[in-house]
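In this text, residue positions in the sequence shown follow the numbering used here: the first is 8, and each later residue adds one.
Treat the hints with care, since some could be wrong.
Claimed, not checked - The calculated lysine to aspartate or glutamate pairs, modelled on EDC-like cross-linking and capped at a C-alpha distance of 20 Å, are:
1. K28 x D55
2. K83 x E67
3. K170 x E131
Stated by the list, open to error - Derived CB-CB ranges, DEER-like:
4. K54 x A183: 25 to 33 Å
5. Q56 x T171: 12 to 20 Å
6. D188 x G125: 38 to 46 Å
7. S160 x D119: 22 to 30 Å
8. Y118 x V200: 45 to 53 Å
To be clear, the hints were calculated from the coordinates, so they are not data collected in a lab. Every value quoted in this text rests on a predicted model; they were computed, and no experiment measured them. Every residue gets a Cβ at the ideal spot worked out from N, C-alpha and C, and that includes glycine.
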Amino acid sequence: MTRIPGMNAPRGAVNYIAQSKGYIAVGRTYEESAAYDGGGLVLWKVKDQRARDLPAHITESRPRRNDCDILESGRKQHSIATLSFDPTNHLSLLSAGHDNTVQQWYINEEYDTIEYVGSASAKEPGCMQFHPGGGTVAVGCRRGLKLFTTTESLENKYQWYLKTKGQNVVNASWGAGRSRDNVVCGVQADDAVDGKLTLIDGNTPRAPRPPLQEVEEEVIPSDSFFGFMTLKGRAGKG
């Protein structure tokens, strides 16, 4: 067993792990008051067993308006919710954090450095999934889904909104074959009880349009052994 430096640091909770050829990326929640001087993103190089800490996704405390604020005055936190490597380029990495941004990183193997490429806004990102062909990533966030292109820079290609308030896109999956440009999204309400599946067309640069179809799970009575799923079709508008 090989220990990655910094992973046992105080308040250094591991949130997400992603792997590519030769690299392991670890996203965590880390507070600057901890004894270990690191960052929110740890990149582990498998070949030479070395770790690099990056101070990514820094959230600073704001003036407290009520008791619901997470951070107390004067505290800073590095927190990453999800990570994803481009399946066609093992040196391209995306990280999404609690500061409501998606950040793009590029690994320079020749000089053994990690370069920050850019960032884009995404409110409360909960999941991130690259297109099988690379270059495009789906990011599930508060009340919708965002598609970004990553070929030259991180740019918002398409945005789709949920009509119902208090919901997040918590999972996203691209199709395969003829359906490779479709994205199936798992939508969950804030109470973590109600949810549904939504299918959208991810291959369009046009304005957001209604989903092609929705799959909603019916509530299963406590005395029932079997549950059912209903399919509601809805034609998308061009």
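We went through each hint and held it up to the structure:
1. K28 x D55: The hint holds at about 13 Å.
2. K83 x E67: holds (5 Å)
3. K170 x E131: OK: K170 and E131 at ~17 Å, within 20 Å.
4. K54 x A183: 25 to 33 Å: holds (32 Å)
5. Q56 x T171: 12 to 20 Å: Violated: the Cβ-Cβ distance is about 48 Å, outside 12 to 20 Å.
6. D188 x G125: 38 to 46 Å: 24 Å Cβ-Cβ, so the 38 to 46 Å window is violated.
7. S160 x D119: 22 to 30 Å: Holds, since S160 and D119 (Cβ atoms, about 23 Å apart) stay within the stated range.
8. Y118 x V200: 45 to 53 Å: Holds: the Cβ-Cβ distance is about 50 Å, inside 45 to 53 Å.
Of the numbered hints given earlier, the model fails hints 5, 6; all others are met.
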